[in-house]
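The chain contents come next:
Number of protein chains: 2
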Amino acid sequence: MELHKESAISCSSAAEGYLIEKMNEIKIFSPATVANVSCGFDVLGFCLDSIGDEMVIRKVEKKGIAITRIEGFDLPYATELNVAGVSALAMYETLDIDFGFEIEIYKNIKPGSGIGSSAASAVGSVFGMNELLGRPFNKTELTAFAIKGEALASKCEHADNLAPALFGGFTLVKSISPLQILEIPTPDDLYATIIHPQIEIKTSESRALLPQKVDLSDAITQWANLGSLVHALHTSDYELISDSLNDVIVEPHRSKLIPHFDNVKKAVLESGALGAGISGSGPSIFSLSKSMQTALNVKDAIENIYSETGIKFEMHVSKINTQGVKIIE
Amino acid sequence: MELHKESAISCSSAAEGYLIEKMNEIKIFSPATVANVSCGFDVLGFCLDSIGDEMVIRKVEKKGIAITRIEGFDLPYATELNVAGVSALAMYETLDIDFGFEIEIYKNIKPGSGIGSSAASAVGSVFGMNELLGRPFNKTELTAFAIKGEALASKCEHADNLAPALFGGFTLVKSISPLQILEIPTPDDLYATIIHPQIEIKTSESRALLPQKVDLSDAITQWANLGSLVHALHTSDYELISDSLNDVIVEPHRSKLIPHFDNVKKAVLESGALGAGISGSGPSIFSLSKSMQTALNVKDAIENIYSETGIKFEMHVSKINTQGVKIIE
Numbered sequence: 001m002e003l004h005k006e007s008a009i010s011c012s013s014a015a016e017g018y019l020i021e022k023m024n025e026i027k028i029f030s031p032a033t034v035a036n037v038s039c040g041f042d043v044l045g046f047c048l049d050s051i052g053d054e055m056v057i058r059k060v061e062k063k064g065i066a067i068t069r070i071e072g073f074d075l076p077y078a079t080e081l082n083v084a085g086v087s088a089l090a091m092y093e094t095l096d097i098d099f100g101f102e103i104e105i106y107k108n109i110k111p112g113s114g115i116g117s118s119a120a121s122a123v124g125s126v127f128g129m130n131e132l133l134g135r136p137f138n139k140t141e142l143t144a145f146a147i148k149g150e151a152l153a154s155k156c157e158h159a160d161n162l163a164p165a166l167f168g169g170f171t172l173v174k175s176i177s178p179l180q181i182l183e184i185p186t187p188d189d190l191y192a193t194i195i196h197p198q199i200e201i202k203t204s205e206s207r208a209l210l211p212q213k214v215d216l217s218d219a220i221t222q223w224a225n226l227g228s229l230v231h232a233l234h235t236s237d238y239e240l241i242s243d244s245l246n247d248v249i250v251e252p253h254r255s256k257l258i259p260h261f262d263n264v265k266k267a268v269l270e271s272g273a274l275g276a277g278i279s280g281s282g283p284s285i286f287s288l289s290k291s292m293q294t295a296l297n298v299k300d301a302i303e304n305i306y307s308e309t310g311i312k313f314e315m316h317v318s319k320i321n322t323q324g325v326k327i328i329e
Numbered sequence: 001m002e003l004h005k006e007s008a009i010s011c012s013s014a015a016e017g018y019l020i021e022k023m024n025e026i027k028i029f030s031p032a033t034v035a036n037v038s039c040g041f042d043v044l045g046f047c048l049d050s051i052g053d054e055m056v057i058r059k060v061e062k063k064g065i066a067i068t069r070i071e072g073f074d075l076p077y078a079t080e081l082n083v084a085g086v087s088a089l090a091m092y093e094t095l096d097i098d099f100g101f102e103i104e105i106y107k108n109i110k111p112g113s114g115i116g117s118s119a120a121s122a123v124g125s126v127f128g129m130n131e132l133l134g135r136p137f138n139k140t141e142l143t144a145f146a147i148k149g150e151a152l153a154s155k156c157e158h159a160d161n162l163a164p165a166l167f168g169g170f171t172l173v174k175s176i177s178p179l180q181i182l183e184i185p186t187p188d189d190l191y192a193t194i195i196h197p198q199i200e201i202k203t204s205e206s207r208a209l210l211p212q213k214v215d216l217s218d219a220i221t222q223w224a225n226l227g228s229l230v231h232a233l234h235t236s237d238y239e240l241i242s243d244s245l246n247d248v249i250v251e252p253h254r255s256k257l258i259p260h261f262d263n264v265k266k267a268v269l270e271s272g273a274l275g276a277g278i279s280g281s282g283p284s285i286f287s288l289s290k291s292m293q294t295a296l297n298v299k300d301a302i303e304n305i306y307s308e309t310g311i312k313f314e315m316h317v318s319k320i321n322t323q324g325v326k327i328i329e
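Protein chains in written order, with my numbering: chain L, 1 to 329; chain C, 1 to 329.
For reference, chain L alone in the conformation it holds in the complex (with noise of 0.2 Å):
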C-alpha cells in the first residue's frame, strides 16, 4: 500500500522531468468506476473490467488540445467544453512543450449513468498524454488533472470515480486539498453486478434529496461501517464486507429516485450478493458478490425484476478491476 500525497501545486514542477518518448499514439481503456459503495459516501470507489470508454491520444505538431472525433454520445467537440478536453487543457497548461495533442473519443459509458462515464472522460486524456511523454506525472498528480475536467461534468472537485479509474481496485480520497488518495486492497473473489436503469435523474434534484445536516447516531454508524469495511478489505474477511455495506445516511434519501430499487436490493441479497446500494449518485445500482457464479445469479434475479417494469436497462457483470485505465494498443 503507497499513501499518495502531492498537491495539485506541485505537478508543473513535476513535469519538469518528462521525456519525448517515440510513441505518438496511443489507445487506451478508461474503465467504469463505482463511487460511494454504500457506506463510503464522498470518499470510497472501486473500478469496473467489463465496461469503460476507448480513447486515442496522438502527439501532434499544431499546440494545443483538440477534441477530434466522438463517437457512441453527443458531446461537445469544444475543447474547454469537454470533460475529457479540460482535464487534458489541466495538464497541458503545466507543460511547456512545442507540440500537442488529438483526442478520440468512443464512449461507451452512457452519459449521467452514475457508473463514472465522466470521470472515465477525465481520466483517459490524461493518462494517455502522460503515457505519450514518459510519465513525467504520478497517478495522484494525474488525479489533480482530471478533478477540473470532472467539476466542468458535475459541478464540484470530487475525485471518488477518478481515484478508481486511475488505480483501479478500491480507492478512498482521504482529501482533496491536499490530494490523499489511498489504495485499498480488492480481495481475489470479488464481483460486481451492475443494473443501469435507462432513465435521466437530474443532478440538481439528487442533490437537494441529500441531507445537509444528519444525526450524530447516525454518522457514527457509517464511519462504523465504513471503518469496518476497510477492515474487511484488508483481511479478504467477505462476511464482513457484507455487513459493513449498508448506508444509512445517503440511500434512505436518493433510492426513491430510483424505480423498485428496494425490490431489486432485496432480490439482489436474496440471490447471495454481500450488499448493494446506489453507484454514485445513480440512477445504476450495484452489488457485490463473492464469485462470478454468484455475480451472475444477482443479474438474473435483477433481470426478473427489470424485465417486467417496461424500463429500458443495461447490466454489466465485472470482476473488480484492479488495474484501472490501460494502453490497450
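Hints are computed from structural coordinates only; laboratory data are not their basis. Incorrect hints may appear among the rest.
Since copy identity is lost for identical chains, a pair holds within one copy or between any two.
List time: in silico DSS-like cross-link candidates among lysine-lysine, alpha-carbon distance up to 30 Å [said to hold, decoys possible]: (1) K266 <-> K290; (2) K256 <-> K213; (3) K213 <-> K202; (4) K155 <-> K213.
Assemble chain C onto chain L, guided by the hints.
Quick look at chain C alone, frame taken from chain L:
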C-alpha cells in the same frame, strides 16, 4: 484478524461447556484504555500497558458474587452497585453452578479520568471468572457481560473501552447489537502519552456539549479520517496515522471543558507526536508517538505547560498493549 460476532443471547448455551479447573484464585491486571481516538468517536479504542487495576478473583463455596475488598478509591461494596459486581452477575446468572466468586479490587485508575476506569473493573471480573471456569466464553461474549457493568457507570451500553481492555491493541466496535468487535493491527512502534488533569467533568455536562446533528460535510471528513486510520494501522503507515488523527465532530465542543487543551495539543504536536485528542470523554488527553523517546519528549512538553497551571495532574507513557487484560498471579 478475526471477526467476533456473537449475540449476548448465545452466551448461556456457550457456558454449558465450562470446566471447573483446579485453580481457585487468580490475580489479574485489567488495563486502562483510550476510547474514541480522535476520528473514531464511539467506535475506536486502544489499550494501555503502564496503568491498570489489579483484581483478585476467587472461587468460593458460597453462591453468588461478593466484593470483599476495595483499595485505592472509595467504591461501593454492594455487588449490584459496583461495576465489577454487575458485570460479574451478568455472567454468573447464565451459569448453573453451585459455588460463587469473591472479588478484590485494587483500583489504580481513578474513576472519571477518561481512560476507562469503569471498563477495567467491568472487564476484570468477567475475565477472571472465565479463566477460573476454564474459559467457557470467548472475548466477545465477555464484552457482552462487561457492557452491563459499564452501563452502570455510564448509563448507556457501549464497548469502546471494554473491547480494547479485553482484546488489547486497537479495536473497532462495529456494532453493539449484534455485538461485533474487530481487532485492528497495532504497528510495532506506537506509544501513548496521557495526561490526566485532576479535575472533574460532569458526565451530564460533557454529554450536553455533544451535537445531536452534525453537518454532512463534517461527517464525511470524519469517516474519511477513520477509514484512513484503519488503513494506516493495517499498513503501519505512521505519517498517515498522523494525518488521520483529526476530530471535526466532538473535539471542537468538548475540548472547552479541558483546561489548556489547545496549548497542550500544540506542544504535543511540536514535540513530534503523531496526533493528540481527548481520551474518552475527558478530562484526560491522549497522544500517540512513533517511538518511546518521542512519547517521553511529549510528556516533558506537557509537564512544562501543566506544572505552571496549578492544576494537579498525572501522566502515563505506555507502549500500546496488544495483549489486554491478563493473569499476573
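Verification of the hints:
Taking identical chains as interchangeable, the C-alpha atoms of K266 and K290 lie at most 30 Å apart only when both belong to the same chain, with a minimum of 17 Å there against 47 Å between chains. For a Cα distance limit of 30 Å, the shortest separation of K256 from K213 qualifies both inside one copy, at 19 Å, and across copies, at 23 Å. In the homo-oligomer, the alpha carbons of K213 and K202 lie at most 30 Å apart both inside one protomer (22 Å) and across protomers (27 Å), since each shortest distance falls under that limit. Proximity of K155 and K213 under a CA criterion of 30 Å is satisfied in both settings, with 21 Å inside one chain copy and 27 Å between copies.
Going through the hint list in order, the structure satisfies each hint without exception.
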